[in-house]
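Listed in order, the protein sequences are those of chains A and B.
If you count the first sequence from 1, position 331 lands on 357 in the working numbering, and the numbers rise without skipping.
If you count the second sequence from 1, position 144 lands on 170 in the working numbering, and the numbers rise without skipping.
Think of the hints as simulated: they come from the structure by calculation, not from any bench.
Among the hints, erroneous ones may be present.
Which copy is meant is left open, so a pair is good if it fits within one copy or across any two.
Stated by the list, open to error - Capping the alpha-carbon separation at 30 Å, the derived lysine-lysine pairs in DSBU-like fashion look like this:
1. K300 / K322
2. K271 / K362
3. K300 / K311
4. K209 / K235
5. K184 / K99
6. K401 / K336
7. K401 / K184
8. K99 / K52
9. K99 / K322
10. K401 / K235
11. K271 / K322
Treat the numbers as computed from the prediction; the structure is a model and nothing was measured.
Protein chains: 2
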Amino acid sequence: MEKITNGEIRPFMVMEVLERAIELEKEGRSIIHMEIGEPDFPTPPGIIRAAESSLHAGDTHYTDSRGILELRKTIAEYYGHGYGVDISPGQVLVTMGVSPALLLVLSTFIEHPGDEIILGDPCYPCYPNFIRYLGGVPRFVTARKEDGFQLRAEDVEKEVCSRTKGIMINSPANPTGTLIDAKEFESICDIGPPVISDEIYHGLVYGEKERSALEFSPDSYVLNGFSKLFAMTGWRLGYMIVPEKALRSLQILQQNFFISPGSFVQTAGIEALKGTHPEIPAMVKMYDERRRYLLKALPGLGLEYTVEPKGAFYIFVDASHLDRDSYRLAFDILDKVGVALTPGIDFGEQGEGHLRISYANSLDNIREGIRRLEKYINGGFNKGDQG
Amino acid sequence: MEKITNGEIRPFMVMEVLERAIELEKEGRSIIHMEIGEPDFPTPPGIIRAAESSLHAGDTHYTDSRGILELRKTIAEYYGHGYGVDISPGQVLVTMGVSPALLLVLSTFIEHPGDEIILGDPCYPCYPNFIRYLGGVPRFVTARKEDGFQLRAEDVEKEVCSRTKGIMINSPANPTGTLIDAKEFESICDIGPPVISDEIYHGLVYGEKERSALEFSPDSYVLNGFSKLFAMTGWRLGYMIVPEKALRSLQILQQNFFISPGSFVQTAGIEALKGTHPEIPAMVKMYDERRRYLLKALPGLGLEYTVEPKGAFYIFVDASHLDRDSYRLAFDILDKVGVALTPGIDFGEQGEGHLRISYANSLDNIREGIRRLEKYINGGFNKGDQG
C-alpha cells in the first residue's frame, strides 16, 4: 500500500522499542518495560466467570450487528449514571475495541479527499494514521506544554474551516496522562464541528474527575471500551455513543467490516459494568501509588513535566537536555541500561525531546527502572554519545 | 457517509429479511429460518475448554499484532497438511474474522481510485462494498449458470487490464454452495493478478475435495477462519495466508486498526485446529443429510439448480417462474407462509430471479420449511399477487 510505503501510515515506534527489548531479553538481558500502554493486571475473575457462563450457555453465535441489546442498555445507563447525561441504547454501537470504533466513525466523517479532522500535537499516533488512510487531512493544532499538551479552544477555533469535519479530544490523554480543562472542553464542543472524544482512559483518574464530551454536547461522538479500566485488552471490546441519527450508517459499515462484535465477550462486558469488582478500585489505587512515586522521583533525575498527570498510566517528561532526538535517546537508554521507554516523537513534532514513561508495571520494577535511569543520566552513560 | 447514503455501500438484504422475520415472530408467527448463513450448532466443548484454560492462565492481554506464534505455526501446518503446500508462519496474520482480513488485504491492493478487483456475479455482497469503500472498482464478470455461477478463466482474462489488482475467488461459494472447477481455478491463478481466495467454507464439503489457491500459486492471498467449520462465528477469529513480503504492510494496518486479535480466543483457535473434535465431522454429516434432502425436495417444487452444490450450507435455486423480482418474492413468501429466504439480487444482477436457501437449520425445521414452500407454490398463495 502506497500510504504505508511512502510513510503516510507509520508503524508505532513503541512497537519497535518493544521488539528491540524482546530481542535483548532473548540475549539474556534484564529489561524494565515502561514503554507498554497496557494494564499489567489480569482481568478480574468475576468478569472471566461471566464469559465462561456465557460460553456454556451456547453464546457462540453472531449477535445483533450493533451489539446485544442488554449491553447497549448497560452502556447507556453507565454513562447516564457516571456523567448525568441522557443516553438511549439506540445511540450505542458495540465494537471490537476502540480502534475499530474510530475507523468506523472517521469513515463516516471523511467523505471527500481533503476533509480535515483537527487534533492536538502531540497525540496518539493512530489518529493521524486513520485520517490519512481514509484520504483525509490531520489538521494538527499545537497543544501547549503549559496546558499539559491539551487543546485550547482559541487555538482550535483558528484552524476550523469549511473542510473541518470533526475535532479529536483525548482526556485523560495518551501520551501525557493529563486531563483537559473542563471550560476548554466545553468551549471546544461549542465551536461547531462535532467532537470525537476518545474516553478509553476514563476511570483511570487520580483525584480529579474526568469529564465526558456528552456533558457538553449531545452531538458528540464518544469512544470507549473495556481494555484499560477493566484490564481487558485481549478481549477486544469497545463501543461508541453517537447521535441516534448517525447510528444506521455506522451499523451498515459494521455489518460489512465486522459482521458483529464477539458474543460471549459482550456478556463479560455487561458484568464488567454492572458487577462489583473490588479488583478495579484496587488497581486504580496501585496505579496512583506508582504515579506518585514517579512524580517524586523523575524531577530528581532532571526529567520534568509541566502539568501534573492525573489520569491514564503515563507521564510525559522533557528529556531534551539529554538528547533532542527522542528516538535515538530511547534506544540508547534501552541498550545501555535496559529500560524501555517510548520516544516522544512517536506522538508528533511537539513531542520531540520527550519520553513517555508508562507505569503499567509493578512498583518494584518501576523503582528498578528509576535506579537504572539514574545510572544512565548521572553515571556517565549519557556523556559524549549523543549529538 | 456519502457512499452509504448514495447506495454504493449497501446493507445486506438478508439482514432486512431477518429483521422482518423477527418482527413477525414478535407478533406470534412461526418462522422457519433458512436465510441465515451461520452454523446452527454451538462451538464444540473441547474448544470452549481451551478458551477457559487460557482465561484462567491470565491470557487477557494484547498479543503480537500478527497473532501468537503458536497459532500462526498451527495454521501453516494445517494448510501444509491439508493441501500439500509449504507455508511458513511468516506468511500468516491472525485477524478478528475473515471480514477484517479482507479489509486489510483489499486496503493494500487498492492504491489508487479506479483500481479494479475482478469478482464473479453473483458473489458475497460484502466484496463489492469493501472495494467501493476503498475507492476501487468492482469489475464484475458474469459467472455462468452452467458453471454453478463459478468463474471461468477465459471470461476473467477478457476483463484483466492495467488497473486490475486482484481476482476474488470463493469456493465453496456463498450463495451457491458450488466449487470452482480445479482446472479453471489453476488457469485463473495463472492469468497474472494475484488471486484473493476466500476459503471460509473449506471443510464444509460433501464428496468433492475443495482446493486452495495456494496449491496453484504461492503468491495467492488466502482468507480463512474458524466461524463456519468450527461453529465459532461469535468468537471473531480468522486469518490470512499471504506472500511473506506482503506481511509487513498488512501488520502495520492491523496494528493501527485492531492492535491485535483477541488473546484467549487464539488459544481456542489452536485447539480447534490441533485437537480432535468428533462434533466437527458429525456436523458435516448433518449438513450433508440436509443438503441431500433439499436436493431431492426442491426440484419437486420447481425450484431448480443447474450444478449440484457440494459445499457450504447453501442452495441457490431459480425461482424466476414465481416472480422475476427476488426481493419481492422473498418477502411475499415470508409474509404468507413464514419461511425466511435470501433474495438472489442481494448477490448481484446475475442472482436476480433466484433464492438462496440455507440449510444451517435442523432437518425437522427444513422439512417444515419445504411443506410451507409447497403450500406457497401449489396452494394458490403465489397466484395473482405477483407482477
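Exercise for the section: Measure nothing new, just compare the shortest in-copy and cross-copy C-alpha distances for K184 and K99 to 30 Å and report within, between, both or neither. Expected result: Close neither inside one copy (39 Å) nor across copies (53 Å); limit 30 Å.
Exercise for the section: Measure nothing new, just compare the shortest in-copy and cross-copy C-alpha distances for K300 and K311 to 30 Å and report within, between, both or neither. Expected result: Classified as within: same-chain Cα gap 20 Å, cross-chain 42 Å, threshold 30 Å.
Exercise for the section: Go through the copies and call it for K271 and K322: within, between, both or neither, with a Cα cutoff of 30 Å. Expected result: The answer is neither: 48 Å in one copy and 47 Å across copies each exceed 30 Å.
Handout entry: Intra- versus inter-subunit Cα pairing at 30 Å for K401 with K184
Key = Neither: 45 Å inside a copy, 69 Å across copies.
Exercise for the section: Since the copies are identical, ignore which copy is meant and state whether K209 and K235 lie within 30 Å (CA to CA) inside a copy, between copies, both or neither. Expected result: within (14 Å within a copy, 66 Å between copies)
Handout entry: Homomeric proximity label, K99 with K52: Cα distance no greater than 30 Å
Key = For K99 and K52, the Cα distance is within 30 Å only across copies (20 Å; inside one copy 47 Å).
Exercise for the section: Tell me, please, which holds for K271 and K362 at an alpha-carbon limit of 30 Å: within, between, both or neither? Expected result: For K271 and K362, the Cα distance exceeds 30 Å both inside one copy (55 Å) and across copies (33 Å).
Practice task
Evaluate K300 and K322 at a C-alpha cut-off of 30 Å and name the case that applies: within, between, both or neither.
Solution key: neither (36 Å within a copy, 51 Å between copies)
Practice task
Classify it for me, K99 with K322: is the Cα-Cα distance of at most 30 Å met within a copy, between copies, both or neither?
Solution key: neither (42 Å within a copy, 46 Å between copies)
Practice task
With 30 Å as the alpha-carbon cut-off, assign the pair K401 and K235 to within, between, both or neither.
Solution key: neither (37 Å within a copy, 64 Å between copies)
Exercise for the section: State whether the alpha carbon distance between K401 and K336 is at most 30 Å within one copy, between copies, both, or neither. Expected result: within (28 Å within a copy, 69 Å between copies)
In this structure, the hints that do not hold are numbers 1, 2, 5, 7, 9, 10, 11, in rising order.
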